[in-house]
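So the protein sequences, as listed, match chains V and A.
Going by the numbering used here, the letters in the first sequence line up with residues 153 to 598, in that order.
Going by the numbering used here, the letters in the second sequence line up with residues 153 to 598, in that order.
Pairs count within a copy or across copies, as identical chains cannot be separated in the list.
Taking lysine to any residue pairs in the SDA-like style, the calculated list, with each CA pair at most 25 Å apart, reads:
| # | residue 1 | residue 2 |
| --- | --- | --- |
| 1 | K222 | D455 |
| 2 | K469 | H528 |
| 3 | K222 | P345 |
| 4 | K278 | H288 |
| 5 | K349 | R225 |
| 6 | K244 | D302 |
| 7 | K244 | H288 |
| 8 | K244 | E305 |
In case anyone wonders, no lab produced these hints; they're calculated from the structure.
Each chain, written out:
There are 2 protein chains.
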Amino acid sequence: MPDKHRVVILGGGFGGLNAAQALNQAPVDVTVVDRRNFHLFQPLLYQVATGALSPGEIAAPIRGVLGGQKNTRVLLGEAVDIDPKARQVQLKDGTSVSYDSLIVATGSQSSYFGHDEWSEWAPPLKSVEDATMVRHRILLAFETAERVPDPAERAKWLTFVIVGGGPTGVELAGALGEIAHHTLLHEFRSIRPEDAKIIVVDGSERLLSTYPADLSQKAERQLASLGVTTYLGRMVTCVDANGISAKTKTGEVEHIQAHTVIWAAGVAISEFGRQLAKRTGVETVRHGLLKVNPNLTLPGYPDIFVIGDLAYVTDDKGKPLPGVAQVAMQGGSYVARVIEKRVEGTSDFKPFRYFDKGELAVIGRGAAVAKVFGAHLSGFIAWLVWLFIHLLYIVEFQSRVLVAVEWGFLYLTWNRGARLITGQAASDSIAATTEAADKVRAAMRS
Amino acid sequence: MPDKHRVVILGGGFGGLNAAQALNQAPVDVTVVDRRNFHLFQPLLYQVATGALSPGEIAAPIRGVLGGQKNTRVLLGEAVDIDPKARQVQLKDGTSVSYDSLIVATGSQSSYFGHDEWSEWAPPLKSVEDATMVRHRILLAFETAERVPDPAERAKWLTFVIVGGGPTGVELAGALGEIAHHTLLHEFRSIRPEDAKIIVVDGSERLLSTYPADLSQKAERQLASLGVTTYLGRMVTCVDANGISAKTKTGEVEHIQAHTVIWAAGVAISEFGRQLAKRTGVETVRHGLLKVNPNLTLPGYPDIFVIGDLAYVTDDKGKPLPGVAQVAMQGGSYVARVIEKRVEGTSDFKPFRYFDKGELAVIGRGAAVAKVFGAHLSGFIAWLVWLFIHLLYIVEFQSRVLVAVEWGFLYLTWNRGARLITGQAASDSIAATTEAADKVRAAMRS
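If we strip away everything but chain V, and leave its shape as in the complex, we get (with noise of 0.2 Å):
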């Protein structure tokens, strides 16, 4: 018997995790490469960082997930390298893997638009770290701004900025404006939670500018009535510990005094997505996207699948799609069934299209904005809707009942249940961000 077709898959995002599932059935040996132990569900990874969620109720364990399948193994590790004529990816721990066939799903990072000093000042929200970090920093802030005493000092550390006005920032800042006027309610004698101001900025001259422009209306009015702010049409020119410069349109800047600021914004290609570009010298458009073949191959490489946040793929109409778990997931699906085909001894398949369901954001209790097979929605709705799609594709029947609960609590209750400042104990933290803004204080003074 010959040696089975050897399948590499690099990511276990919802590309990669998709891929593999759809080979489980194949006569072929399949090798899932992620550098984490778990699927991560990132569009609920801001409930995280709110503290609606805890990380482990997000995370699948690729090994579990996959634990089942007879033909694939798991392997921790980061793809650093490849040699496309040898058939080789290089691992960061200096091993190599073998593939017959390559599916590159290693997604997307942030990007600060070179501006990568702002990382510090403004967190992004991409890893389960992050999200632990962002809320450590939001929930530190209420607590920082009950023992200031000074009032404008104290009015920083109730001030949130949120840079980028997509799904992402819009879903936090929704998120925010629940934890200031329903969650924190009472929980305070020297501050008013509801007091606090969380501001949205973007360069564009709407929120959600994927999504039509009516449901980006209805989004900023949903935010507006939980307190949100929204600047739009703003170029953030710098970020530091005490806020944010924005530069409008006319050319005029805007500082916003804040001691909290999250990246929502720029994305970026994975490293090795870089990497790949340069050893194959495929041709990248916009932020680095590799573009590929009507059937997800790289150009020159029918062996070589690129699929999910890392591929340059339009519609029929020319537009590309956007960077979502859905589009990730089709292509999963669909590079698994052309490899089945090959494999079969059919080379011939039809060219990947992608079967737009929609688009949604939730922005609170009741409240969202959806496009759904075509139809436009908002509030109630819009927010049911959103509940049952993103339930329905959590990968573990546990994480989605878990989930359920967690929700069900905070609709009944606001309560969320996963408020903790971890990594350090929460009083050290406020002695160190109070000194680290005297610092800057006393900087600015000299």
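Go by the hints and put chain A onto chain V.
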């Protein structure tokens, strides 16, 4: 109207929280000071360390719990010193809090018997950060074993040593046994997780030395059925990257080769407890416990109450009370009543008497030992009692439901829903651990 009697409670653990809640209706001003923003259900921390529960599920935000209590404020801060004459507690950030009555409930910390350097190789299990760190090490050990080709090295990655045969050590060992024999089954391709060696080392002649002897034996037998070995009458003399050395009663020194060691042994009083003893000059016994009056006040300081793990209190037969949640909780309620009576003008109140409801330790699914109201139970019935009691004492109803769901799935599927390797990409950790082990080996050879 004169100012209200000021009660300051240091620590939001079982003792402090119970005291605060018992003062709900009292005509006093209550201030609860804690380093963390959450109350932690410590007896279940080992379940976080073994991936069964998420930290958020066993933590309750102190503000959330006490938010509705109008006479109470919560202060995020760490008490570092006290001036008992001026009735003032100094916090780490330089501020101070004045009291009329002080309740000290700052609890205990881990002790390495003067060998703090061991903590690098044998992390303790006291905080949420400790638990996620231990979880990281346990899961990563299996992942590393899967990658390491050398059989001897692989065996060391598959050996887990738990130092300490008290309730935490026993419960941790049982959970590890279940992970190896059930949870991880079929998830690896190069190793068999059930080959893992789990060893509990303790200085005394039996496990759970504070329990009745028949229950100790039953616990040992139940652990053995999960593949856990028990090394009793051994004092640990060394811990490093390669494992531990232990001395038997006859003076023989044994080495256990292992890359994962967890510290569930020694206990010491909190830093503030030590400072309090110094400032008041009260007598301390055993590992620094403060000897208190029958009404839990410090001798010579009728306005300072000490409760929980910090206090040395004996029962009718002169036997010291154990450092468990029940003792702390009952102490908290008791001193709340004493203070309330005093404020009312009745200063004589009956001495504190601990009502011993029993002791419980769980070993695995359907396996536990319990002494409940004098009866000795083991096996399934003890397990049911354990489940019921633990769910009952979880502070938030929401957490209770979440924990029940997690346990339901654990029971039905052996799945542990929170198996996340966090803190650093797992692949980096593998590289780091392998490298560190290489270095140690190289150093030993030279």
